[in-house]
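2 protein chains.
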Amino acid sequence: MAVNLQPLPDLLPVAGIRIGTTAADIRRQNRRDLVVIECAAGTRAAAVFTQNRFCAAPVLVARDHLALAGPRALVINTGFANAGTGEPGRQDALAICDELARQLGVDTTEILPFSTGVIGERLPVERITSGLAGCIAALDERGWTEAAAGIMTTDTQPKAATVREMIGGVPVTVTGIAKGAGMICPNMATMLAFIATDAPVGQAALDALVRSAARVSFNRITVDGDTSTNDSCVLLATGRAGGETIGQPEGQAYQALLQMVTRLFTTLAQAIIRDAEGATKFITVDVCGGHTEEECLEVAHTIAHSPLVKTAFFASDPNWGRILAAVGRARIGQLDVASVTMHINGVCIVRGGARAPDYSEEQGKVAMSQQEIALKVDLGLGAASVRVWTSDLSHEYVRINAEYRS
Amino acid sequence: MAVNLQPLPDLLPVAGIRIGTTAADIRRQNRRDLVVIECAAGTRAAAVFTQNRFCAAPVLVARDHLALAGPRALVINTGFANAGTGEPGRQDALAICDELARQLGVDTTEILPFSTGVIGERLPVERITSGLAGCIAALDERGWTEAAAGIMTTDTQPKAATVREMIGGVPVTVTGIAKGAGMICPNMATMLAFIATDAPVGQAALDALVRSAARVSFNRITVDGDTSTNDSCVLLATGRAGGETIGQPEGQAYQALLQMVTRLFTTLAQAIIRDAEGATKFITVDVCGGHTEEECLEVAHTIAHSPLVKTAFFASDPNWGRILAAVGRARIGQLDVASVTMHINGVCIVRGGARAPDYSEEQGKVAMSQQEIALKVDLGLGAASVRVWTSDLSHEYVRINAEYRS
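As you go down the protein sequences, you meet chains A and B in turn. First residue of the first sequence? That's 1 in our numbering, and the numbers climb one at a time after it. First residue of the second sequence? That's 1 in our numbering, and the numbers climb one at a time after it.
Treat the hints loosely; a few may be bogus.
As the list claims (entries may be wrong) - Covered by chain A, according to a simulated footprint, are these stretches of chain B (three or more residues, beta-carbon under 8 Å):
id	segment
1	298-308
2	350-361
What the hints assert, rightly or not - For lysine to aspartate or glutamate, the following DMTMM-like pairs were computed, each having C-alpha atoms within a straight-line distance of at most 25 Å:
id	chain 1	residue 1	chain 2	residue 2
3	A	376	A	362
4	B	376	B	294
5	A	365	B	403
6	A	365	B	396
7	A	376	A	336
8	B	376	A	378
9	B	365	A	121
10	A	365	B	121
11	B	376	B	317
12	B	365	B	317
13	B	376	B	336
14	A	376	A	361
15	B	365	B	286
16	A	376	A	250
17	A	365	A	378
18	A	376	A	317
19	A	376	A	244
20	B	365	A	286
21	B	376	B	358
22	B	365	B	378
23	B	376	A	336
24	B	365	A	396
25	A	365	A	396
26	A	365	A	403
27	B	376	B	286
28	A	376	B	121
29	A	376	B	87
30	B	376	B	250
31	A	376	A	358
32	A	376	A	294
These are calculated hints, taken from the structure and not from any lab test. No residue lacks a Cβ here, since even glycine has one placed at the ideal position from N, Cα and C.
Take these sequences, add in the hints, and give me the full structure.
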């Protein structure tokens, strides 16, 4: 029941990247659940990870390895998150890296592990290491589409995006995949996203790129306010496009690549919300008129996390009082209620902190019955603004999350 | 589908308090929706109100009137909250006070107005003022039970409590009613609660009493994290029990009354959670081992508001990883994950930040399948602790809140 989520486009290969996917029977039989992304020598990587203190074992290992070496391969499993598993969980992640390193003839520190699925249970390490040969045999630069399916959990559709543009006189490609549908309120990253480009990018510039792009894309979506233990977003740069190395953030090439990457990140982030658990609506929350971006974000999140607001969206009920109540309880320094304005899909509902004089319930019903909702709240305090994307709260969300482990 | 909510006890009258309830057809036909609580001359009142910046018009008026005079009557309507209605809404509340004051022969400032129901729509003032005569005709010191029903909105059962004990050689009575089932995350008060005692209490002591008791009762419950615009909790003291005026917070009489009032507040607060929208479980969240009470409260609220935790409770699924993930994302200063311990109904599930070695899924299932759940999280950082009560997130919650206005 994804909301206006387009079928996958043809995904352009990225020179230097090959991907293999297999069914390793990790948690369920006969579904693709193990992915290896191989990177050519010299590939640089930058990543952002969850800020949840209970971050998963693979996040700890991937962070360590990224600090030591450029990656030669990423290994991703679904089924189990390998979170809340303590030191034994870290050893499991390392054992998988060891085995893949052995088979590829590289160093263990050149492998980055990622997991997603149920929290708190150990990985079936042997089933995973047994599956690696199948992934390696399947390695292909056109492997992106299969991998997009191979990293899914409660997702109903695979998510991927691709773009090619000229930068500095050479064609540059960016292609990426992402997964995630619930436990979505990324903080410095999303569930799992793997994006590669053949652009030649210096390490510092790549670090800046992934942070800048994630800040306005993956870090601006929320399904349920629950920041996952495994959120990871990795940007790989193989350099195979040739041309001059992109290193100066103020340079034209960097800005062009930042725009490309940000657009692609945003497409993937929005795809996660369009496929959010039980979603029937895609909701863009714009909060402007705050003193700072943090203040706007606090208000936007309070609205986007309110169960009462989310059920009103599900019911197409223009119960705007619930949105106003959420604004009123947001933890910001000050608020002059008389300066608050609210629009839904262009209909002015609240002006001066109360119902707009010319607003009619009929207008509200029409606005709320759309699948695509644009909610705009102006706090009337300052010049900062922020945009967040979220979904509604439906019977299906409860069903999925009450039945997830059964 | 309230969870182990007992039928109302016989409610002891409080000398000096008479209550009248009527059906004024405010939003629906033929249901009690208007209540007048008359107080004898000399009655003192103390109250705590919502901290939501969009507080309702009656809250503004009640706060103003409380500062000017002791109350001679409270008037409470359900159906419409008179919130988000701006200055016209304030005039509506004042018009109702004016009319009741005229009929009782007292001053407008001696009337305290309260409303609950849909936010954002104007009150039908004429239907309410027309109903006042019916309330006055029905005034009776045994009117508590009817009033408990008369202030309900989505509540499935009326909520009231009563207690009598000897204080300072005289029998003292405390009786109270409350309403609330959704939009519950009180901050300095709950939805609506009206409690009266015949104890003779000085004004400063009464103010201290209501704050102290609300802090550990109404301010420690949450259904959905949505702080209402209308939360009000009023404690009336008629002084008719006789005996010495209770004025010294350190005195024995004050402490005895504080215990009585706190017990009664807690019973009413728990009744709200037992009758929470769609609740199938009554969940006590104890967080200890924090540096400060605020830190513990932040963790307890993050757990209690997590849709993933709440749906796991609904499903009786010991998916403790979701609870751990909520602890990990709580906005507290520091957390050593290796020092975190978690118990559910006495079963140790997490020790040292990971699954307890002797924990079995079977034990978890038995613990989670109870209607009464005691969740204990020890952060292992300090000596502070806090207790919060909450409910689960069920299909019924979504149904109620998606259909509330239809």
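task: Just pull the numbers of the violated hints for me, sorted ascending.
output: 8, 16, 19, 20, 23, 26, 30
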